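Student: What follows is the residue order along each chain.
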Amino acid sequence: MLVQISPHFPALQVVIPFIAAPVCMVLRRENVAWGLALAVSWISFFISSSLLIRVLHENVISYHIGGWAPPWGIEYRLDALSAFVLLLVSGISAIVMTYARRSVIAEIPSYNRGKFYALFLLSLAGMLGVTITGDAFNVFVFLEITSLSAYVLVAMGAHNDKRALSSSISYLIAGTIGATFFIIGVGLLYMATGTLNMMDLAARIADLGDSRTVRAAFAFIVVGIGLKLAIFPLHLWLPNAYTYAPSVVTSFVAATSTKVAVYVLMRFVFTVFGTHFEFQQLTLVFLFLPLALLGIFVPSLVAVFQENAKRMLAYSSVAQIGYMLLGISFATVAGLSAATIHMFNHGLMKGALFMALGAVAYRIRSTKIADMAGLASSMPWTMAAFVGGGLSLIGVPLTVGFISKWLLIQAALEAGEWWIAVLIVISSLIAAIYVWRVIEVAYLQPAPADLTVKEAPLSMLIPMWALVLLNFYFGIHASLTTDIATRAAKALLGGGT
Amino acid sequence: MISFTPEAALGYSLLLPLICAVLIVLSDKSPNRREAVTLITSVLLFADVLYLLVSVLHGVRPRLQLWEVIPGLNLTFAIEPLGMLFATLASGLWIINSIYSIGYMRGNHEQHQTRFYFFFAIAIASTLAIAFSGNMFTLFIFYEALTLSTYPLVIHKQNDEARHGGRVYLAVLFSTSIGFLLVAIIWTWVIAGTLDFRPGGILKGAADPAIVPVLLALYVFGTGKAALMPFHRWLPAAMVAPTPVSAFLHAVAVVKAGVFTVLKVTVYIFGVDFLSTTGASRWLMWVAAATILIASLVAMTKDNLKARLAYSTISQLSYITLGAALASSMGIIGGGMHIVMHAMGKMTLFMCAGAIYVATHKTEISDMAGLGRAMPFTFAAFLIGALSIIGLPPMGGAWSKFVLIMAAADRDQMIMIGVLMVSSLLNVAYLIPPVVYGFFGKAPVTASLGSAATFGPGNGLKEAPILCVLPLCLTALGCLVLFFCADSIYLFLQTIF
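Heads up: the sequence lines are chains A and G, in that order.
The opening residue of the first sequence carries number 0 in numbering that gives the first Met the number 0; numbering runs sequentially from there.
The opening residue of the second sequence carries number 0 in numbering that gives the first Met the number 0; numbering runs sequentially from there.
Since the hints were derived computationally from the structure, they do not count as laboratory data.
Hints may be right or wrong, so weigh each one.
Incomplete in silico selection of chain G near chain A, CB under 7 Å [to be verified]: (1) LEU65; (2) GLU67; (3) VAL68; (4) ILE69; (5) ILE140; (6) GLN157; (7) GLU160; (8) ARG162; (9) TRP186; (10) TRP285.
The structure displayed is predicted, hence computed values, not measured ones.
Every residue, glycine too, gets a C-beta built ideally from N, C-alpha and C.
Can you make the complete structure from the sequences, with help from the hints?
Tutor: Listed below in structure tokens is the structure:
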């Protein structure tokens with residue numbers, strides 16, 4: 000049976016969570032809804048793993064929806080890059096969903112829990128769709144499905160803190176402007192070329208040569224995705240949204256949604272537009288590079304002064320996006336593979352860190368750094384997980400963060416930009432400062448006398464530690480991930496084959 | 000165990016301390032069993048390393064290649080004379096220090112002893128991994144692991160002073176290693192395409208001679224553990240740790256890992272010939288010379304015994320850096336010998352300082368008047384250690400200094416000979432007064448501890464516990480023994496070239 004349906008895995012990857020979402024909504028028992036969401040997440044993970052294995056053998060999978068040949072029908076197209084992102088998204092979703100039950104019970108009122116799981120699955124389906132599709136308009140549709148469900152998920156944090164509502168609104172406004180810009184760009188492309196299939200677009204844009212319409216489309220699309228991606232200085236929606244969203248949502252969204260946006264950016268900049276034209280090349284050098292560097296430093300420094308650990312990590316996420324953008328701006332195999340691998344690695348580290356903070360919030364109902372004094376003695380496993388994720392974020396050897404940093408510095412030096420290499424290392428020292436603030440408070444300050452908290456439940460600890468251990472596993476055995484990232488980068492630069 | 004080959008022994012030497020660490024945690028409840036684990040492992044480890052030493056003396060060069068971390072970069076361990084010497088030293092002194100630790104920690108009723116022994120074992124594992132690293136990548140990984148595993152030992156007391164010391168410790172070591180060393184390593188990787196330690200170096204013919212001094216600067220300043228000024232502040236800051244940590248880690252393992260790295264880089268990355276023909280290390284001699292003299296002068300101003308010893312260590316470490324900077328085989332051999340000689344001498348001195356603290360809780364030299372009469376063994380050992388550091392026969396330190404002076408003469412560096420001579424005089428000026436004061440100073444009438452009468456002459460001994468005194472007598476004896484077997488070390492190190 001599995002053999003018969005396996006050719007349809009690309010479609011099933013998106014369809015299964017889509018169908019499961021409304022079912023979750025109508026299920027009366029929240030545990031059943033959770034069970035369904037859990038099963039669907041793991042099935043998605045299984046599908047994307049097998050897709051990745053297939054892609055590594057066949058290079059490209061092209062799946063025609065309904066049997067209609069592209070460019071008329073919608074094509075789902077998988078190469079090393081998209082398969083890698085699928086694996087990240089579905090893997091994080093599976094781990095976060097395993098972890099979610101207790102945290103959801105604590106943070107979401109019972110009448111909302113069914114909806115919560117439904118929206119979670121919708122968001123998952125949207126991200127998987129964005130990644131897998133080979134159709135520019137389809138990207139927009141899926142992007143909006145993800146975003147709309149994410150707005151509601153963030154707003155669900157209002158049960159704990161009313162500020163979640165205003166955060167959700169500003170997220171909605173920024174996200175909608177981004178989506179509008181993006182669709183205007185896609186519209187312009189359609190006007191200029193008469194097609195929406197990405198491969199077809201790429202071929203026709205190359206034939207068409209440089210034109211004002213294509214330039215305008217490029218500008219709209221870059222700015223539109225830039226908003227979704229929270230490229231500095233378009234990041235203002237992100238810190239609040241991450242801080243006030245429920246813990247499970249933050250863990251999931253922080254680890255996946257910006258990564259998907261980075262994927263879309265790379266897909267459009269390199270596969271669809273290509274860097275043959277001066278306009279695109281100038282954008283990389285004069286726009287992406289400075290914004291990446293500013294985006295690394297300013298949010299990192301802001302993170303150092305945050306009182307709330309969740310907010311601190313949110314700013315750190317903006318800075319990490321800067322690293323990915325930096326890799327992209329080199330437009331070399333080394334740079335793009337550094338960006339790709341950091342996309343994956345950052346998902347692992349931020350997922351682990353936010354899950355640890357979720358466990359802290361579960362026990363002490365706060366993520367303020369000051370409230371975490373002496374917490375390491377009562378929640379040793381949770382705080383150790385935080386240290387593990389934190390070391391990875393700093394980029395200590397044997398963690399994935401180190402691999403990212405190594406490849407990024409290597410890319411900078413290969414490009415002859417030694418001063419960028421220096422900036423990268425300085426910025427990673429800033430990460431050490433903000434991570435260490437939390438560690439010092441949790442380990443070295445005495446706990447308040449009336450603190451009587453227990454360790455987080457095992458159902459949270461096990462998934463959290465699974466992710467922490469993955470941080471170390473892929474930091475010690477990075478050959479596989481580096482290899483995939485390099486293939487992805489080559490595919491991007493080689494015109495998408 | 001079926002076939003005990005040198006390769007297997009190499010693996011065991013890295014695994015044994017790790018197994019020990021696990022067993023220590025498991026025997027948390029029973030201090031006696033925990034200490035037995037430490038002692039037995041240290042003896043086993045030393046036996047294992049001795050077996051390796053014999054193999055290496057027979058010309059075997061064991062090599063252990065683990066997995067690939069990033070494509071092209073493997074975790075590799077390979078033994079060569081310099082690393083073998085360092086490993087023998089570290090594992091041998093670990094036994095002595097373990098005995099001392101038991102006496103000190105119990106005598107002082109320290110808290111968190113299990114944590115102490117656990118991280119100590121991890122630090123040993125990292126040290127051996129550094130000693131046996133087969134490429135710069137592996138060395139860097141364990142260099143950072145050593146920093147992290149010693150941090151909990153530095154902040155052991157968990158008070159404000161410890162926290163501050165820990166911050167300086169991490170800040171200096173991290174910022175140098177990430178800021179300079181990592182960049183240097185990746186740069187080397189980009190230039191040379193390999194990071195293996197090869198006789199004759201890997202940069203010759205690959206690197207432009209103009210950038211060699213810059214690269215060398217990144218390496219030596221990046222190796223913060225070598226405490227070259229102005230990156231030496233972490234070492235005095237680390238003195239807040241319990242004395243066994245200062246004695247073993249901050250006179251032997253950590254600091255020697257630093258200068259060991261400098262020697263390794265000089266010999267196997269740059270190549271001595273390449274450095275001497277390009278003259279790239281000439282500037283380093285002056286920095287090393289300045290560090291030797293300035294640190295000695297600072298040491299003279301310190302009344303706190305451990306602080307004085309710390310500055311003395313900074314000064315002595317630069318002897319080894321100077322040896323490397325001379326860029327001759329004689330300089331390297333002198334540096335290698337000084338690693339051993341200084342380790343033995345300085346460890347004696349630190350253990351004496353600790354014994355004095357255990358017995359009388361005194362830390363300031365000015366409070367130690369007359370103590371020598373109550374603690375004759377301790378102060379006699381201090382004298383022997385001091386003589387070895389100064390470089391007077393019949394102590395081991397005489398030979399390493401002799402070889403270094405020969406190396407300087409060989410390169411016509413008369414000023415460097417002068418620096419070494421002046422430094423010896425300064426050593427006399429700051430290491431001998433505590434002894435003289437201890438033996439001949441007038442005891443204060445109202446001693447702060449115990450009754451005043453116990454410090455009077457002929458009123459009996461008041462030594463620290465036997466487990467504290469025995470180890471320091473052993474290392475004092477070691478200083479003497481080294482004088483007579485210095486030639487075998489010399490000949491062993493000569494096999495590098």
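Student: Hint by hint, say whether it matches the structure.
Tutor: Tested hints:
1. LEU65: Hint violated; LEU65 of chain G Cβ to chain A Cβ min 9 Å, cut 7 Å.
2. GLU67: holds (5 Å)
3. VAL68: It holds, given that the least Cβ distance between VAL68 of chain G and chain A is near 5 Å, below 7 Å.
4. ILE69: Holds - the Cβ of ILE69 of chain G comes within 7 Å of chain A, reaching about 5 Å at its closest.
5. ILE140: With a closest approach of 4 Å, the ILE140 of chain G hint holds.
6. GLN157: holds (6 Å)
7. GLU160: violated (11 Å)
8. ARG162: Constraint on ARG162 of chain G satisfied, holds at 5 Å.
9. TRP186: holds (6 Å)
10. TRP285: Since the shortest Cβ distance to chain A is 24 Å, the answer is violated.
This entry does not satisfy hints 1, 7 and 10, going by the numbered hints stated previously.
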